[in-house]
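S.K.: Given the sequences, and given the hints that come with them, work out the whole structure.
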Amino acid sequence: MTFTRLDGRKPDELRELDAKVGIIPRADGSAMFKMGKTIAIAAVYGPKELYPKFLQDSTKGVLRCSYSMMAFSGSGGERVRPGPSRRSKEISWVTENALNSALDLSKYAKSVINVNIQLLQTDAGTRCAGICAAALALADAGIPMRDMVGAVAVGLYEGHPIVDLTKEEEDVEGAVDLAVAMLSRSKKLSLVQMDGKIEQETMKKVLKLAEGAIDKIYVVQKKALLEKYGGSGNE
Amino acid sequence: MTEEILFKEKEIVIPGQVLAKGMGYVPGEGTFREEDNIIATQLGLAKVNGRLIKLVPLNGSYVPKEGDVVIGRIAEITFSNWLIDFGFSNFAAISLKDGSSDYIEKGADLTKYYDYEDYVVTKIVNVTSSNMIDLTMKGPGLRKITGGKIIEVTASKVPRMIGKQASMINLIKENTNCQIVIGQNGLVWIKGDKLADEIRATDAIMMIEENAHIEGLTEKVKEFLGGKQ
Numbered sequence: 000m001t002f003t004r005l006d007g008r009k010p011d012e013l014r015e016l017d018a019k020v021g022i023i024p025r026a027d028g029s030a031m032f033k034m035g036k037t038i039a040i041a042a043v044y045g046p047k048e049l050y051p052k053f054l055q056d057s058t059k060g061v062l063r064c065s066y067s068m069m070a071f072s073g074s075g076g077e078r079v080r081p082g083p084s085r086r087s088k089e090i091s092w093v094t095e096n097a098l099n100s101a102l103d104l105s106k107y108a109k110s111v112i113n114v115n116i117q118l119l120q121t122d123a124g125t126r127c128a129g130i131c132a133a134a135l136a137l138a139d140a141g142i143p144m145r146d147m148v149g150a151v152a153v154g155l156y157e158g159h160p161i162v163d164l165t166k167e168e169e170d171v172e173g174a175v176d177l178a179v180a181m182l183s184r185s186k187k188l189s190l191v192q193m194d195g196k197i198e199q200e201t202m203k204k205v206l207k208l209a210e211g212a213i214d215k216i217y218v219v220q221k222k223a224l225l226e227k228y229g230g231s232g233n234e
Numbered sequence: 000m001t002e003e004i005l006f007k008e009k010e011i012v013i014p015g016q017v018l019a020k021g022m023g024y025v026p027g028e029g030t031f032r033e034e035d036n037i038i039a040t041q042l043g044l045a046k047v048n049g050r051l052i053k054l055v056p057l058n059g060s061y062v063p064k065e066g067d068v069v070i071g072r073i074a075e076i077t078f079s080n081w082l083i084d085f086g087f088s089n090f091a092a093i094s095l096k097d098g099s100s101d102y103i104e105k106g107a108d109l110t111k112y113y114d115y116e117d118y119v120v121t122k123i124v125n126v127t128s129s130n131m132i133d134l135t136m137k138g139p140g141l142r143k144i145t146g147g148k149i150i151e152v153t154a155s156k157v158p159r160m161i162g163k164q165a166s167m168i169n170l171i172k173e174n175t176n177c178q179i180v181i182g183q184n185g186l187v188w189i190k191g192d193k194l195a196d197e198i199r200a201t202d203a204i205m206m207i208e209e210n211a212h213i214e215g216l217t218e219k220v221k222e223f224l225g226g227k228q
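As given, the protein sequences belong to chains A and B, one line each in that order. Letter by letter, the first sequence follows residues 0 to 234 of numbering that gives the first Met the number 0. Letter by letter, the second sequence follows residues 0 to 228 of numbering that gives the first Met the number 0.
Simulated from the structure, these hints should not be mistaken for lab results. Predicted model only: the values in this text are computed from it and were never measured. A hint or two may mislead.
Computed cross-link-like contacts, EDC-like style, restricted to lysine to aspartate or glutamate with a CA-CA straight-line distance of at most 20 Å [as the list claims (entries may be wrong)]:
#1 B:K9 <-> B:E208
#2 A:K47 <-> B:D84
#3 A:K222 <-> B:E8
#4 A:K52 <-> B:E10
#5 A:K221 <-> B:E8
#6 A:K221 <-> A:E15
#7 A:K47 <-> B:E214
#8 A:K221 <-> B:E10
#9 B:K105 <-> B:D84
#10 A:K196 <-> A:E226
#11 A:K187 <-> A:D170
#12 A:K227 <-> B:E214
M.R.: In structure tokens:
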């Protein structure tokens, strides 16, 4: 392919990834996940007893996520209005669903596990970075999981399939932005959200790209977890 | 069908990692089977024991099990129960019958036996699937705690602190002249005659907490305790 992206990356190349586990000492589990200029931190508190009581589930625990962008985190330099918004409420909800399919909360009847996701700095793909960070934080908190979860934005830029869009790329006229969360091992989708229009065949192509990206994210996630708990463990 | 183990003994594995292939292996604690694969559900040390594959978690909150001895705080008193907070999401109950061998009259002041904010060493007798928990105070070593101090450790590291046939805990007790009770929920009660002893025991336990995944820990603890004497 002869086309180049705005920042010179290859179509299937992710931005620089970085992850760190255990960044918040008072939380039961915590993690930072960075994709280029997008930085998300996640903290897990719980399991604790869930109130109000009618929200309790007597057969399994409940996952509750909250997503928010910090006031100074906007990519355009503009202040983000703090507090809940329609957008953050929706993202909290989809994050919850994306993570819930990987969790096994059967041991935590009547309890809640709170996941707080904060964006320190944003350049598109915030819900994806948030999900990656939250999955790490949940693993750090020792919550049983059937699979790790990774998430990445894929899409079309001037008709070319690409992964991990930046703000500039997703704002282009006619661009397609597809946020995808996947279970890392089984490659089952747990979140698909799209802006723009796409054909069926192209959709398959971009989802294939996402699979490759999730593998790369998994390597970073695994490394971050092992780093906190003492390397290979073969001392 | 090929059967193979995909980890080294005591390797640290992460949730979702495939530990073994083949129907010849059996999934143990912290693992599950999906088709041919045995998969880890938690971050921990993977171990093989014959055909059984299990995982010792390195983190995570305490999940109550029948028969566990735990240390808890009296959080609430009702007409017929003491409700205990032992770091689990729900309170657990000690009924009148299990609370004391005395006959307790209806409407008696239950604070005479265990008052608010008292700490007790107690045993789990029953856990239902919806996490209702019954405790008992009847049994050897189960009692109200007086004096000393309580520290908190990671619940998954408690077996390491106790050691094989209580070797580790006895080592600390002998070297510091302290009484120590470790609750499976991660609360540890330490009482010594001298404050310095208590501090030494605390330091030793915190050292195990930090180095729980390291082999030859007993030697390290011996060295640690011996060094200060």
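S.K.: Next step is simple, just say for each hint if it's right about the structure.
M.R.: A quick look at each hint next to the structure:
For the given pair, K9 of chain B sits about 18 Å from E208 of chain B by alpha-carbon distance, which is consistent with the 20 Å threshold. Using a Cα cut-off of 20 Å, the hinted pair K47 of chain A and D84 of chain B holds, with the two alpha carbons roughly 11 Å apart. For a cut-off of 20 Å, the pair hint linking K222 of chain A to E8 of chain B stands: about 19 Å separates their Cα positions. Between the alpha carbons of K52 of chain A and E10 of chain B the distance comes to roughly 41 Å, so the proposed pair goes past 20 Å and is violated.
Simply put, K221 of chain A and E8 of chain B have alpha-carbon atoms about 18 Å apart, close enough for the 20 Å limit, and the pair holds. With a CA separation close to 16 Å, the supplied pair K221 of chain A and E15 of chain A stays within the 20 Å bound. At roughly 33 Å between alpha-carbon atoms, K47 of chain A and E214 of chain B are farther apart than 20 Å, so this suggested pair is violated. In summary, the hint linking K221 of chain A to E10 of chain B is supported, as the alpha carbons are separated by about 13 Å, within the 20 Å threshold.
A threshold of 20 Å between alpha carbons decides the hint, and for K105 of chain B with D84 of chain B the separation of about 24 Å lies outside it, so the pair is violated. Simply put, K196 of chain A and E226 of chain A have alpha-carbon atoms about 41 Å apart, too far for the 20 Å limit, and the pair is violated. About 28 Å separates the Cα atoms of K187 of chain A and D170 of chain A, which puts this hinted pair outside 20 Å; it is violated. Simply put, K227 of chain A and E214 of chain B have alpha-carbon atoms about 17 Å apart, close enough for the 20 Å limit, and the pair holds.
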